[in-house]
Amino acid sequence: MPLSCKMDGRKMTALIAGEVDHHRAKQLMLDLERKIEISYPKELILDLSGVTFMDSSGIAVLLRTCRRMREVEGQFRVTQVPHQAGRVLRTAGLQKMMSITFSGEEE
Amino acid sequence: MKPVNEVKMEFLSRSSNEGFARAAAACFAAQMDPTLEELGDIKTAVSEGVTNAIIHAYPNEIGKVMVRMRIFPEHILEIVIRDWGIGISNIEQAKEPMYTTGGADRSGMGFTIMESFMDTMRVRSQVGKGTTLTLRRRISRRLSHSE
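Residue numbers (the working numbering), protein chains in the order written: chain A, 1287 to 1393; chain B, 12 to 158.
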């Protein structure tokens, strides 16, 4: 699974690469939840720069990860969202529910 | 109106075919010289429609999914996604944003995304018989290409 995480103190950066669709989403959710459980980060940054395709299955992944981080009282940010994935997330209004930085925007 | 070109494919409702279906749709649409954004929208809409058929039409079995793509004059791409699954009893409810019968794994945004990414979307369904989804999108004509 192209998910790689690195810890910097209690800050975790998770890089997702490849296509995020229904076929892959469930495993990705489980992998992210396991990483949160093991490392218990204070802050989770989900870097989507390597995502080549995302459909509404990705929305469920982000919502569930966001909820999980709230449960452990940690911060959650989504960064480097590529254009196509950005169109999907914006259509769902996800930028109103969590912190999202779209690719090409200032950090 | 007669189509200029047409392709039809049929596959089993396995989730590994979601990637195949959207890639095939993008390949077929490529002859219309779409922009990258249009291509992304087509792939996304096909992915949503095919995923619906795989998850919701056949919740407890593997069935067949048919995708037919046609190009009409005036640069219109039509995509029909058909299944012979359980059908949708309440189409209006199914279309509502955030409505899903798929549990926490699903966002309920599939129809909303297809509706906003394509020009038109028509859903026909009969409980016990299956669902036919028809999507249409006019692809822009780029100035550098005169036909």
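I should point out that these hints are in silico values taken from the structure, not numbers from a laboratory. Do not rely on the hints blindly, as some may be mistaken.
Stated by the list, open to error - Derived BS3-like pairs (lysine-lysine); straight-line CA-CA distance at most 30 Å:
(1) Lys1312(A) to Lys75(B)
(2) Lys1312(A) to Lys13(B)
(3) Lys1382(A) to Lys1297(A)
(4) Lys1312(A) to Lys140(B)
(5) Lys75(B) to Lys1382(A)
(6) Lys1292(A) to Lys1328(A)
These are the hints, each one checked on the structure:
| no. | hint | in the structure |
| --- | --- | --- |
| 1 | Lys1312(A) to Lys75(B) | holds, 23 Å |
| 2 | Lys1312(A) to Lys13(B) | violated, 42 Å |
| 3 | Lys1382(A) to Lys1297(A) | holds, 23 Å |
| 4 | Lys1312(A) to Lys140(B) | holds, 29 Å |
| 5 | Lys75(B) to Lys1382(A) | violated, 38 Å |
| 6 | Lys1292(A) to Lys1328(A) | holds, 13 Å |
In summary, the numbered hints that this structure violates are 2, 5.
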